[in-house]
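K.L.:
Each residue of the sequence shown is one higher than the one before, starting from 206 at the first, in this note's numbering.
Bear in mind the hints are in silico, worked out from the structure with no lab data behind them. Beta carbons are placed, not taken as given, at the ideal position from N, Cα and C, and that holds for glycine. Do not rely on the hints blindly, as some may be mistaken.
[Said to hold, decoys possible] Cβ pair distances, simulated, as ranges: (1) Ala340 to Asp437: 19 to 27 angstroms; (2) Arg284 to Val332: 36 to 44 angstroms; (3) Pro333 to Arg265: 38 to 46 angstroms; (4) Glu480 to Ser257: 42 to 50 angstroms; (5) Pro403 to Arg287: 20 to 28 angstroms; (6) Ala418 to Gly240: 23 to 31 angstroms; (7) Gly363 to Asn421: 37 to 45 angstroms; (8) Gly436 to Ser335: 36 to 44 angstroms; (9) Thr487 to Lys341: 31 to 39 angstroms; (10) Ala261 to Glu290: 16 to 24 angstroms; (11) Pro250 to Thr448: 52 to 60 angstroms; (12) Glu480 to Gly363: 29 to 37 angstroms; (13) Arg287 to Asn481: 39 to 47 angstroms; (14) Gly240 to Ala340: 26 to 34 angstroms.
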Amino acid sequence: MLTRRRFIAISAALAPSMALAQKSDLHVETGIALGAKVTLRLEHPDAPRLASLAMAEIRRLEQVFSLYLPDSALVRLNRDGRLAEPPFELLECLALAGSVHAASEGRFDPTVQPLWQAEALAREAGVPLSDADRAKAQALIGWASVRLEPEAITLNPGMALTLNGIAQGYVADRVAALLAGHGLTRALIDTGEMVALPDGDWPVQLEAGGNLALRNRALATSAPLGMTFGGDGVTSHILDPRTARPVLSPWRVVSVSAPSAALADALSTAACLTENRESMETLCRAFPSVIVENAVSA
Numbered sequence: 206m207l208t209r210r211r212f213i214a215i216s217a218a219l220a221p222s223m224a225l226a227q228k229s230d231l232h233v234e235t236g237i238a239l240g241a242k243v244t245l246r247l248e249h250p251d252a253p254r255l256a257s258l259a260m261a262e263i264r265r266l267e268q269v270f271s272l273y274l275p276d277s278a279l280v281r282l283n284r285d286g287r288l289a290e291p292p293f294e295l296l297e298c299l300a301l302a303g304s305v306h307a308a309s310e311g312r313f314d315p316t317v318q319p320l321w322q323a324e325a326l327a328r329e330a331g332v333p334l335s336d337a338d339r340a341k342a343q344a345l346i347g348w349a350s351v352r353l354e355p356e357a358i359t360l361n362p363g364m365a366l367t368l369n370g371i372a373q374g375y376v377a378d379r380v381a382a383l384l385a386g387h388g389l390t391r392a393l394i395d396t397g398e399m400v401a402l403p404d405g406d407w408p409v410q411l412e413a414g415g416n417l418a419l420r421n422r423a424l425a426t427s428a429p430l431g432m433t434f435g436g437d438g439v440t441s442h443i444l445d446p447r448t449a450r451p452v453l454s455p456w457r458v459v460s461v462s463a464p465s466a467a468l469a470d471a472l473s474t475a476a477c478l479t480e481n482r483e484s485m486e487t488l489c490r491a492f493p494s495v496i497v498e499n500a501v502s503a
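Taking the hints into account, I'd like the entire structure generated from these sequences.
P.N.:
Written out as structure tokens, the structure reads:
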């Protein structure tokens, strides 16, 4: 199973926080969710119990968003083309995906899953995707054909969705909300995308260089060649729905901070398909309080 390479790391500058933990209650919990390592850093007298609650919430949300768990809501939607009484979380995440799709002029499009599957199968067979198979998969792409209603989510025949460019961030947001609801104010949630609660600054080192103090905010990073088809190092896992081909991005890595990790996640992915810094900034300005923290040319 292909997994997303992660490009944000807690800086060694966290040493001061670790020293503080000798006098407070820093608890670190790790796990795996949606193909990425999850790390929770919580400062609270009841941190171990809260971390257990957070991990349980992550497992619950995997049953909504996973592309690999056979009975997840997303798998059932892709398999059947219709999901009655969909989970609120899936509707909310897809509504945000639709907003980013519109703001990005179609660059961000979760309906690329049939193309992704076709590309992956061809690479596994050791051959390039044929023009005919590419055209067949491209005919199934189209956000306008996704119908979102509280009663049901419906897709056209043959369509399928991937939320790999937004779900990890959404899960981080939900965990942050859960912990805040239990009175926790100092924590860093890292599901592959990061959310910091309001108390204290968490020093984060960006993979491309530079540091960021994260507080009451989320951060996501995308890299077009962070994962490649067949591990060839040149064929990006990010697909351009406009060309039906892996993106040939001018960017090596893009980091975006935002009020929510789901938004930062989606925008950092969409930003990889922008042609220049001006179009990237225009995209991010469509949403309040979004900042391009780092954009490194390829």
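K.L.:
None of the hints should be skipped; say for each whether it holds.
P.N.:
Quick rundown of the hints versus the structure:
| no. | hint | verdict |
| --- | --- | --- |
| 1 | Ala340 to Asp437: 19 to 27 angstroms | 23 angstroms, holds |
| 2 | Arg284 to Val332: 36 to 44 angstroms | 27 angstroms, violated |
| 3 | Pro333 to Arg265: 38 to 46 angstroms | 40 angstroms, holds |
| 4 | Glu480 to Ser257: 42 to 50 angstroms | 46 angstroms, holds |
| 5 | Pro403 to Arg287: 20 to 28 angstroms | 41 angstroms, violated |
| 6 | Ala418 to Gly240: 23 to 31 angstroms | 28 angstroms, holds |
| 7 | Gly363 to Asn421: 37 to 45 angstroms | 43 angstroms, holds |
| 8 | Gly436 to Ser335: 36 to 44 angstroms | 21 angstroms, violated |
| 9 | Thr487 to Lys341: 31 to 39 angstroms | 33 angstroms, holds |
| 10 | Ala261 to Glu290: 16 to 24 angstroms | 22 angstroms, holds |
| 11 | Pro250 to Thr448: 52 to 60 angstroms | 53 angstroms, holds |
| 12 | Glu480 to Gly363: 29 to 37 angstroms | 30 angstroms, holds |
| 13 | Arg287 to Asn481: 39 to 47 angstroms | 40 angstroms, holds |
| 14 | Gly240 to Ala340: 26 to 34 angstroms | 29 angstroms, holds |
Against the hints set out earlier in the document, violations occur for numbers 2, 5 and 8.
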